[in-house]
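J.: Below, each chain spelled out in residue letters.
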Amino acid sequence: MNMKRFVANWLSLPILAIAFAANAQVVPFDLEIGYRWLDLKGDTGMYRTQINERDGLLIHNFTLATSDFEGHNSLTDRFRIDVSDLGSGPAQSVRMEASRANAYKLRLGYRSTDAFSALPAFANPLFDQGIVPGQHTEDRRRRMFDVDLELLPDRAIAPFIGFTSNDNRGPGQTTYHLGQDEFLLSQDLHERDREIRAGASFHFASISGQLTQGWRSFRGTESLSLASGAGNGNEPGNVLGQPVTATSITRTDQTHVDTPFTNFFVTGQMTDRVRLIGNYVRFSADSSGSEAESSAGSFTSFAISRFFTGLTESATSSAKNKTWRGGLRTEVNLTPHIDLLAGYQREKRELDGSALINDVFLQSILFSGFDRKDIATVLQATNGIDRTDEVLSAGISAHAVGPFSFRGEVRESQQDVTVSPDLSEIVVPGSQSGTFDRRIHTVDLNGAYTHSGFMLGAAVKHDSADAPIFRTDYRGRNRYRVRAGWMTPKKLFRAGVTAERTNQSNDDPGIGYDSKLRQYSGEIEVSPIEALHFRGSLSQFRADSNISIRFPQNFTIGQSVQTEDGNAREGGVSYLKGPFSIDASLSRFHNRGTLPFNIDRHKVRATWDFKNKTGLAAELDRDKYDETSGFFSDFNATRYGLYFRWRP
Amino acid sequence: MRSHLIGALALAVLLGLPALAQEKPPEKPPEPAAPVTQTTPPATAPAAASATPAEPAALPACSDCHADQAKAFAANAHAHGQIKKGEVPNALCESCHGDGKAHIEGGGDKEKIFKPAGLLGSNKTCMSCHDISNDRISRHAGMHANSAVVNCLTCHSIHSSEAHAPHLLAKKQLTLCDSCHMTQVSSFRNKPYAHRIGRGGMECSSCHEPHGRPGAASLRTTSAGELPCLGCHADKRGPFVFQHGAIAVGDCMTCHEPHGSSNPKRLKRSTVSQLCLECHSPISGTTLGSQPPSFHNLTLARYQNCTTCHVAIHGSNRDPQLLK
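Quick note, the sequences are listed as chains E and P, same order.
FYI, my numbering numbers position 37 of the first sequence as 579, with every residue one higher than the one before it.
FYI, my numbering numbers position 132 of the second sequence as 348, with every residue one higher than the one before it.
Treat the hints with caution; some may be incorrect.
Below are the SDA-like pairs computed for lysine to any residue, each with C-alpha atoms no more than 25 Å apart in a straight line [unchecked claim]: (1) P:K452 x E:S856; (2) P:K452 x E:K1058; (3) P:K452 x E:S830; (4) P:K301 x E:A645; (5) E:K1058 x E:K1166; (6) P:K452 x E:G762; (7) P:K387 x E:L650; (8) P:K481 x E:L650; (9) P:K452 x P:H472.
Okay, the calculated bits of chain P under chain E, using three or more residues with CB under 8 Å as the criterion [stated by the list, open to error]: (10) 310-316; (11) 343-351; (12) 374-382; (13) 456-468; (14) 474-484; (15) 491-497; (16) 530-540.
The set of hints was computed from the structure by calculation and includes no laboratory data.
Backbone N, C-alpha and C define an ideal beta-carbon position, used for all residues, glycine too.
Just chain P, with the same shape it has in the complex (with noise of 0.2 Å):
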């Protein structure tokens, strides 16, 4: 398998290499202008923003019929360093939604202006200024990449964004991630035992990122590169002296359910002993931990509780049965 992959990583780059010898054909021309970037100092903004005092005088203001949308825009990020005197500029419009000149000149006739939608108007728009990648995030070819299905604009709204959610998100979060991911969230909201998202403090970017890579990288980190439980949970980073295997060996989702569980603590299993029973088992004797407890009668209830007398059960530095 490793050999595979370690083809298909040269043919990646051989692939890549005719590429690389030629450049990058020409895409259409966006019909928006050059894109007005918070990244860019005003000295040196794009020529659309700069091109604001040779705007021809005969033009009225986009404002003059979109006031609305004019006046919520003046909070918007996008509008950083763009407003003049109080309005809103053409060039600020049009770095998204392209020359407003045939528009405006055809009595405000729809065909004639781009409204950025879709994957059109996510790519010709948003990650003219937006395509970041990092080794954990990547706008252009992350999970939700922009693609026909989920783009910037499934989920961001520029003008009518939710009021009580930060980074112009259409709708509350839940309510957007229930859009496709139905079965986590319905385990979020009808499970007893689930981590509070939605009512204040969490929301699901507290632990995923939206435009994280697939797979393990898709979680956000904490500063040091550890699952985000650890983030709030920090009395389990350790390192103890006696540490429990299934947390250094594995990880919290070896005995625990992140989103919601019908059982308490958010365990995998209802009863305790099961759940340790099932490593902690002396059948075949190949696997970590599998060395048989001592003489525990299981048929009585504090048996049946492991952590009855197992109190420290993610690590201890007293106790090698993590007994304190």
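Next comes chain E alone, as it looks inside the complex (with noise of 0.2 Å):
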């Protein structure tokens, strides 16, 4: 975003807020300005994927909230605007919320969120030759804005509206394969997702819900073309004595959803202990997409043994999801503190699509010697998918038992899945479609226990299940967590442990697979003066996950294997007092595992009100990855920010 741009669109909001608020009676305002530099050294696409912070203005932080609760200003009595990193961040939000009591309610949201990603090694065949980064590359910015009105708030009906926009957009990069070799393509991508709801919240004595009836559009646009230069393909060399490249390739899709759904809940205070909650969701998406693609060039096809010069392909296909999820809640109160907890919830959704796919090989030829396919499979598809979970739960909530709290849980869960596939997805008959059932019994407990300032706690969670759907489906699965904590009254001193493990497994013939990971963490803040504060953390993890695989190449049988072995050491200090405030932080972060790493964290922010009400604050945040197996990713990049301060 240019300067020009940024002082027009965003400098207008905090002028706004104050002309909004002009007649209020209080104005907590607190605005940082500034700007920051980036200085950046090793892979850019690595930083940009994981940071992507970068040099521009900037509102850091901008909250300004009024009242006004006697009436001066008619419109509202009640104002508050958040701002979050607006202008060069990568992740921006604005926030504002109006009221007036017993009028109305309004709340907006807008957020905007960078998606980049340019990695060296992901999905990228041509790494071992070292051509970074790879060829799927995004730069898309995601915006999404929100809007809700309340009226009358607080009434017996109160009605309500809503808007929802989320639009992405960006260039990107992608691969295509076709003709025996994947081609590099250029891409451009808008997508656009909006949400109107209307509803009421009601309450009628000791009864009270909500109705929200909604319709979702979603309009998604893919315009693609062979990238410049990216005629020969991946691939070098000729399949079967025949060059495969490509001349053109160029592609657009277009996508239509159009969703109505229904969300309703309500909760009925049967008598002073005894409370029902019912929920019923329902939605029924309705996709439509059309692709128009033509591509010239030398392909060959062993799907339909034939070599040709070119392809022009239409298709349309449509898909449709109906789901529908109700269910009924109880609480029943034995004593004040003491609930009897029971509920059964049901799940059905309905998937199925069907596309009519017209594809002209132009000027092929047939393979010497091959039969020729039926492609009538790959013209038209019909899919469908069937899955149905239900859920019976009881349990007790025992959660303020003198100094100790408790909380079990057993729960029945039930997945029905039938699977229809066309068949032109099967590539060996088997295991692609059918029916499957899986039952999962659960047990959750968790307790803790607090006095004077210790707290102990510990979870166990238990889940054991008749059949895997997947492969990768437990059969057994145990959670424990143990947390326990100290503080001293004043906070001088605070203290934390926390330990986590989950073990998970299935011992079928042919699977064999075993998950356990492992998490320690550990923190510790003294604050020997009100001023001077010191934190320091540990944590430790440990993944490993082992199941059996056959390699495709040979089909030989063996070990898919994923270790991480990382540890965490985090340290810092803060020191306030007057005019002046810094906080600083290192952190290292160590990872032996599967893919290894480092990566060092420095932060410095300092601030000085040099008046009453105005102030500088600079801040110093560097980020130092390397991958300890190449270097194609490291990065080390510093930021440096100067911000004013305001607080009228």
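Make the complex out of the two chains shown on their own, each in a separate frame, by following the hints.
T.: See below:
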């Protein structure tokens, strides 16, 4: 965003806000605006993928909260606006709330997130040749805007309307597998999602609830064309003596999805002790798509045993997702702090779709000696997935029995899935379709004890399943968590430790899945005086996963082993005295697992209020990333920020 | 197991029945006066608020001594409709702190005023208005139900909330969550591929409902009741003609780590083929999707990255093999 646009668009916000609150009684106001500089060494793609903070003007923070509860301002009696990293930040947000008692509540939200990805090694078939970054890159920005208006809040019936807009657009690069080679394509994507919702909250005596009816509309357009100089494809050489090259590839895909939905819940306080809660959600998503593709060059197709010099294709498709979920839950209040809970939830999802794909292979020649394949199965496809989930649960919540709290729940989940694939998807018959059932029994217990600043908590969760649906589904899973903490009365000293362990496995023949995750964290905070604060933390995690796989090149059986073995050390100090404050921290994360790397982060923020209401803030953030197995991805990025602070 | 659960449900109802037959036992009367609720129009405000005109003139105002708190409180949502002529009335303070007469007459004796703190403070003040339950939220019996370990006042501060945090949070959200959920926050802060939590844009509560019920109900859902991931990543909702079963039958977490990950794209495995082959391996044919891929030589870099060709891995309307 250039400075002119920045100023025009965003400085109007605080001006508007100030005007809005001109008659307000109380105006807490806090603005921090300035400039950030970036000094980057190393791989730009990896830096932008992970962090992406850039040079530029920035409203680092802006908060304005006003109240006028005596009616000076007829429009609003409460107004608040919060702004974060607006300008050159990769994640920006603006949130505004305005209300007038018994008249309305208005909430507005804006979020912008940059999604950049240019990873050297990810999905990069040319990495071994030292060609980086990979061929799957994106440089997109997602802008989300929400507005909700509630009228007559807190009355028996309070209607509301809302709108959400979600735009995702930007260029990228991708590859296309065509004619036994893959070609680099330039991509331009624009996706637009809109949602309008309306409904009402209601509150009659002991019954309250909310009904929302909404309509969602998604429109996506993707335009692709052969990237400059990419006509030879990634694969050198010929296929069956024929070169595989492309002189042009263009494709445009359009997708429309319309989704009406209904969302309803009701809570009934049946007696002083019994509460019943019912819920129902339903949506029906209808998707229609179209594609037009034109390719020219020299290609090979094993699927239809042909050489061909071009392809024109058009496709139309439609798909449906009909989903509903409903449930009933009861809470029985045995004593003020002990509740019995029980619930039943059922969800049903039906997905089906079909596509009509017309391909014309230009000037195609059959391979000698091969049978011509029937391409009818590719031309028309109908798929369906029918899924039902049921969850039955019962539990007790004793959340404050003296110094103890306890919650226990047993749950039974049943999943039934029927998959009806199109024949064209079947590479080898079997396991691609059918009916799959899985029942999971869960026992979930957790308790805590606290006394005189000391806290000890423990949680155990055990799941057992009668069958897997996917190979990586567990048959048994155990989770354990222990947490302890201690804090002195005046927060002079605080310490906490957490240990978590999750084991899951499936010993079925041919699967042999075993996964262990262990995470340990500890932190300590010391405040010898109110103005000075030290903190340090140490965390360690180790993840080991093992499962049998079959290698497709020779059909031998091997093991897929994934290991992560990392530790993080963090330390920091903050000091706040009069007009000065400083907050500094160092951290180092080290992973010795399958993908080893180190990350060092340094952060310093200092503020100086040279006048009662004005001051300066300076920031330094340094991130150093290095992959110990290579150097393509390493970067060392330092950002310097200087901001003007104004708190009238 | 199902019969056990039905039995437990029946037991719950049975245990609840005697409770239905009798009145709820009276609790110890709370020290605070009847709360001044936002949900009540001023015309029908509780006695404490409407009693303001009848306040004994001899008593000084709370704001005489607590000027800073009173000034700041004027911008507080709890003061909605209660400020009179720029002054915070004593009744407003008393709605949480109880009768202040003895405190005033005692010359500000701290022992003679109720200072809401911890479990007791939360129950007697916050919960008297905010005990909200619906299908996903329960402030009474949810994940963070009021207990001695965690209660309203663990995370919220009425008088000294964090300036840049909404909802009267005592600290910035990530700092608050970190005090208990250290491993999750550590993965955000330290791992290279993570959502930008606490750096503008997203917070823990973008996906999690802090007052939610246990389990999956603690996740916020979209308006249509889907996982929160789809609130932003709208393109992944589909429906697709050729749906990747991992999404249709599983969910996003089948392949991705939602917090921070050491692997690109927040995947669960560092190599794409490893992630794919763990499901797509034809050793036993009893699981969904375990058919073998065609001849793919995994010793070559091309085939180690399945998504080099299978680019539409979340689903496609054009290609059964998810090639476009």
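J.: Enumerate the violated hints, using their earlier numbering and listing them in ascending order.
T.: Structure breaks hints 2, 5, 8 and 10.
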